[in-house]
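Using the sequences provided together with the hints, build the complete structure.
In full-length UniProt numbering, the protein residues as written are 1 to 341.
These are computed hints drawn from the structure, not numbers from a lab. It cannot be assumed that every hint is accurate.
In silico BS3-like pairs for lysine-lysine, Cα to Cα no more than 27 Å straight-line [to be verified]:
(1) LYS267 to LYS189
(2) LYS321 to LYS138
(3) LYS267 to LYS149
(4) LYS339 to LYS28
(5) LYS149 to LYS321
(6) LYS339 to LYS321
(7) LYS156 to LYS28
(8) LYS339 to LYS149
(9) LYS241 to LYS198
(10) LYS234 to LYS267
(11) LYS267 to LYS138
(12) LYS252 to LYS138
(13) LYS321 to LYS156
(14) LYS252 to LYS320
(15) LYS267 to LYS156
(16) LYS246 to LYS189
So the derived label-pair ranges between C-beta atoms look like this [as the list claims (entries may be wrong)]:
(17) ALA208 to GLU26: 50 to 58 Å
(18) LYS246 to PRO52: 24 to 32 Å
(19) GLU25 to GLN221: 35 to 43 Å
The C-beta atom is built at its ideal place from N, Cα and C for all residues, glycine as well.
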Amino acid sequence: MNQKNKSISSEQKWIPDGFHFLGPEESKNRRNLLQSFSELFEREGYSEISLPSFDYSNSFRSHLDHGLESLLVTKDWDGNELSPGVDLTLQVVKGMAARSHWEENQNVFYFARKIRDHKKRNASRREILQVGVESLGKSDTNHIISQIKILHQLWKASVPSEPFTIVFGHSSFFRSVLEILGWNEEQTKVLRQFLYTKNLPELVSLAARENTSEPHMEMIQLLLRPIPVSEMPKFQNSLQKILSPKEWDTLKGDLESITSFFAEWSKVLGEIPCIWDPSLVRDLSYYTGFMFQGYVERDPEPVFAGGVYNELYESFTGIKKDACGFALHLDSIEEIVNKVK
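Structure, rendered in structure tokens:
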């Protein structure tokens, strides 16, 4: 039988949806892409590390602070366990923390596979090749921007014809909002879900059940709208008018930090489209400051994500060390590359 005329669907008979067998040509293309990434990371002073293919949760469950344990096991919205946790940032920090007495480069990168579970009923699982960069010891504005510069270079080298937009959130700002609302952990979990999905009807219903005041309801509604960086002063003025002086003081410090970051961003990376989205609260388990996600047009899923996690290293070692990093799914980039060919 002529192999060239064989139906493409034959692969699907043998390999589950979401998992892929790469043939010689695809493997060669991937190897070339990874090689170019490695060279870029090394030029920028990052060293490669290798992660285990599987990390047994119970081997370090007892060492984590309360709140981080949820990262060990992926669950659906009903609380059912789907699979062992596959957070690669957690693996990197834990692995480097175990070597805290070694004199090694703390700027690292990795290529590692993971299985991604979509947190929905009857969801499919996908095999993802993740490319990650982590810096242990630095997370200031200049360092975050330097990492996004690397992302930008990486993107221009692989898919220059497809621009991306970065959406920023800030975990500390959101925690300040929660302090003003005074909601408990269960209410916070639901609020995060509704904000992230921009579900205004459910938010209004939730606020009504919790007897939320009118000013606080207006604040929640303000958080739903993504804001161009140029409109940050308008956003701050709106918040200040809504809140009491004491409540405004709770948010003021975070907003000054955010505004200062975007001022520096505009000087250095102003050509990259950038949006501030107060409802970007995808993960408060260990992020302590900025969180960001990158999007391309016509794709609702982020192609990369990152942020600041200044308390994670300390949870394993007792040693205070700031940290930040980003990760992208190589599969997403390959799909874009194949579309533009």
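Verification of the hints:
Between LYS267 and LYS189 the CA atoms are separated by roughly 36 Å; this puts the pair beyond 27 Å, and the hint is violated. Taking the CA atoms of LYS321 and LYS138, the gap is near 8 Å; set against the 27 Å cutoff, the hint holds. Restraint check for LYS267 and LYS149: satisfied, since their Cα atoms lie roughly 13 Å apart, inside the 27 Å limit. Taking the CA atoms of LYS339 and LYS28, the gap is near 18 Å; set against the 27 Å cutoff, the hint holds.
Note on LYS149 and LYS321: the hinted pairing holds, with a Cα-Cα distance of about 23 Å set against a maximum of 27 Å. Among the hinted pairs, LYS339 with LYS321 is inconsistent with the structure: their alpha-carbon atoms are about 41 Å apart, more than 27 Å. For the suggested pair LYS156 and LYS28, the alpha carbons sit about 20 Å apart, so the restraint of at most 27 Å is met. A hinted pair counts as satisfied when its Cα atoms are at most 27 Å apart, and LYS339 with LYS149 qualifies at roughly 25 Å.
Under the criterion of a C-alpha separation no larger than 27 Å, the hint pairing LYS241 with LYS198 is consistent with the structure, at around 23 Å. Note on LYS234 and LYS267: the hinted pairing holds, with a Cα-Cα distance of about 20 Å set against a maximum of 27 Å. As the CA atoms of LYS267 and LYS138 are separated by approximately 21 Å, the hinted pair is consistent with the 27 Å bound. Between LYS252 and LYS138 the alpha-carbon distance is near 24 Å, which keeps this suggested pair within the 27 Å criterion.
With a CA separation close to 32 Å, the supplied pair LYS321 and LYS156 exceeds the 27 Å bound. A distance of roughly 26 Å separates the Cα atoms of LYS252 and LYS320; the hinted pair therefore holds under the 27 Å criterion. The straight-line distance between the Cα atoms of LYS267 and LYS156 is roughly 20 Å, inside the 27 Å bound, and the hint therefore holds. A C-alpha spacing of about 25 Å is found between LYS246 and LYS189, which places the hinted pair at or below 27 Å, so the restraint holds.
For the hinted restraint 50 to 58 Å between ALA208 and GLU26, the CB-CB distance of approximately 53 Å keeps it satisfied. A hinted range of 24 to 32 Å is violated for the C-beta pair LYS246 and PRO52, which are about 48 Å apart. Taking 35 to 43 Å as the suggested C-beta distance range, the pair GLU25 and GLN221 does not conform, at roughly 51 Å.
Checked against the numbered hints above, the structure violates hints 1, 6, 13, 18 and 19; every other hint is satisfied.
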